Each structure stands twice: as C-alpha cells, then as structure tokens.
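> Sequence:
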Amino acid sequence: MEGTTVNRRTDPRISVCVVGWWPEPGSVNGTFIREHVKAIARYRPVEVVYMQVVKSRVPWPRISDVVEMDEGMTVHRITMRTPLRRFGVPAILARIALRRTLRQLQVRSTAGLLHIHVRTDLTEVALPLARAAGLPAVLTEHNSFYHLGIRSLPPTEQARERASIKKWLASAALDHIMPVSLDLARVLHTDYGVGMERMTVVGNVAAEVFKPAAFKERGSFRLLLAAVWRPPKDHDVFIRAMALLPDDVKGRCSVEWAGYGPDMDRIRTRCAKELPGVDVRFPGLLDKNDLAHRMQQADLFVLPTTADNLPCVVLESLCCGTPVLSMAVNGVPEMVDASNGILVPPSDPTALADALLACITGEAAFDREHIAREAISRYSPQAIGAAIEEVYIRVMDAHDR
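Using the working numbering, the first residue of the sequence shown is number 28, and each one after it goes up by one.
Calculated directly from the structure, the hints in this document are not laboratory data.
It should be emphasised that the depicted structure is a prediction, and the values quoted were computed from it without experimental measurement.
Hints should not be assumed to be uniformly reliable.
Listed below are the simulated DSSO-like cross-link pairs for lysine-lysine, each with C-alpha atoms no more than 27 Å apart in a straight line [unchecked claim]:
hint	residue 1	residue 2
1	K277	K243
2	K243	K315
3	K238	K315
4	K277	K300
Work the whole structure out from these sequences, hints included.
If you want it as structure tokens, here you go:
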C-alpha cells in the first residue's frame, strides 16, 4: 500500500477488524471506519470482516463470504440470508460466520487481536469469540447512539438497551475502548460506567488527499457545506442565517452545498425561494478527491448541526487549511477553536449570521498554513495509525504476560 509504514516492532500478527459499517456504492456510511483501518494497516497487517443480514425467501439460512481487496486491504463481506430476522437469528448466524472466518485466519496466519469498529447487534458477538480464540479485543466507537439515538426509544426499551450496553462494555473480554472524542468518552463513563482508565481517545482520520494546496483568490467569498443532509444536520439554521445577511454581503458569496440525503429536495426548494440573490450550487455526493479540492479552494467550511460526535468533514477541512464555522456541540469544540474557526450555539440563526458576516468581511481572519499544520499533526493517517498501534502494543503486551 502506498505510504505504508513498517511497524517498528515488525510484529506480523494481524489485526482482525470486525466492522459495523463499511462503504457501499453511493453512500459515505462506513468511510470513516475504512480510513481508520487503512491507518492501522500502515503499522501491521489487517483483515476486515463486514457482516450483513438480508431477509430472503430461502428455505434455510445461508451464509456467503466474498473476499475482496479494498485499497490494499483484505475484506470479508459476509452476507447472511435468512427468512427470519427475529428471535436472535441474526446474532446466531453472525457467531457462526465469524467463528468460521477466525478459524480460517488462524490456519493461514497469526491473529494478534480483534478490533471491533462500532458496536452493533452483529459485531457484539465478536467478544466471546475473541475470548474463546485467546485473543485480546478492543473497540473503536464512533456512534452517537449512546447519547442521541437511545433517547428516541420508549422508556422501557431505553432502560433495557442501556442495561444491555453496560453489560457488554463491562465484559472482561473487552480489553480497551477507543472513543473518537473526549465527549463520547465522558458519555461512556457517565452513562454506562466505563472507567476512564479503560479508554484512550483516538480521533477520526483525514485521508492524505486532505492537505493544503495553492489557494486561488476569486471575486466571491466561497462557502462550502458537505454532509448527509438529515437530522441532526441543520440546514434550516444556515438558510435562515444567510437570509439575515445584508444584500450586498449575500451578493459577494457563492455557496457549494454538497452531499445527499432526505432533506436535499427541501434544501434546494428553500434556497431558490429564500436566497434568490445568492449563487448556490448543488454538486451532490463528492468523492474524497473532489471534496478535498473544493475544500482547498473554499474560504470557509460550514457545518450546521444540532449534535455531532467528531465529524470527519470538519477535520478534513482543517487539514486542507480551510477554517470552519460550526456549532459548539459534543466533540466539535475538541477540533475547532479561535485559531481555526468559529463556533456558535446550535439553532441560533442570528449568531450564525454574525459569524458569517465576520468571516465574509474579513473581520475574522485565519492563518491557513497554521490550520493545516496543526490539523495534520493530529488527524493524519500516520498520527492516528500510530496512536492505535500504541494501544495495540499495550493490550497485547498485557495479554501476553
């Protein structure tokens, strides 16, 4: 793999990465997990296991394992087809499939540990299997379900889910947890009883393509937005804030509104109606090369949101040297401060309009070189890969003793 770094311990043991999500065509879901795994692969061999359950009209459950290469990594795409998705059938199939895959890996190579990326109903089964195989296990957690999604459940179901999560996280088979933000670590500690000593915060990864490039001055002030447009992303507050700007300021702006999602049709309609004097364009879902180029040429990246964990688009923008305007929620303040952007309260169009005005008029100015240098030192594949490898070494050394 290009840019691969040899582990200083030359440890040949494989990290078996059991992932809750993995990218599919036309979707960014799981992209951040793939970047994490690519960073790990700089330091040691990896094998990825991605399991999916598909309801199918088959007489009996079937398990298929398609092995493919994805940017130099071996990926086992395991599809479990079943006529029944209740009564614990998916978990039973996942145990069978993962046990089989682990046995195959141990026959032809040496597994060093099992690394779960996002706890799901399917990846949960990996813990007892790791213990049975004599492997230490670690968890990287990106999911905002622990402090956001769980609140949408009815009280009885929420209490049952919290108890189940607490029990799983407390398992002796789970050696260490790597939440991607300090905010998430605090949630796991406060709400689920995970000791802070069992956690190391390791952030998300900005792929190498997100780096500074020659910035071309242009007449308009270029605003860039990119996300999957559904709650908690808040398109409403941005449109209302833009509408509050003086007409001459709005006329100096161009907006590239990238991404996809269920809110996109409403966004297009509202922009045409409420921002008639603003040049707003919708390039759709961008691949990382196109997104990086647009970030490099943007004057400001804007992420309007009411809640978030550690959004990759923020750190990707920073690695390009582009300042960020977003909201002071969850893990975002761990990335954005006065040196690289502005944070405002969520759901406050007046505060957002004031911040936009300061950036557009030049009242708020930023050093793009400094922004990129600091961000790359924290979020590059080398930095994140090294941080994960340090956790691996501690966990495997303790397990070997």
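> Work down the list of hints and note, for each, if the structure agrees.
Right, here's what the structure says about each hint:
1. K277 with K243: This hinted pair holds, its Cα atoms lying about 21 Å apart.
2. K243 with K315: Holds, at roughly 20 Å.
3. K238 with K315: 12 Å, holds
4. K277 with K300: With a Cα-Cα distance of about 14 Å, the restraint between K277 and K300 holds, given a limit of 27 Å.
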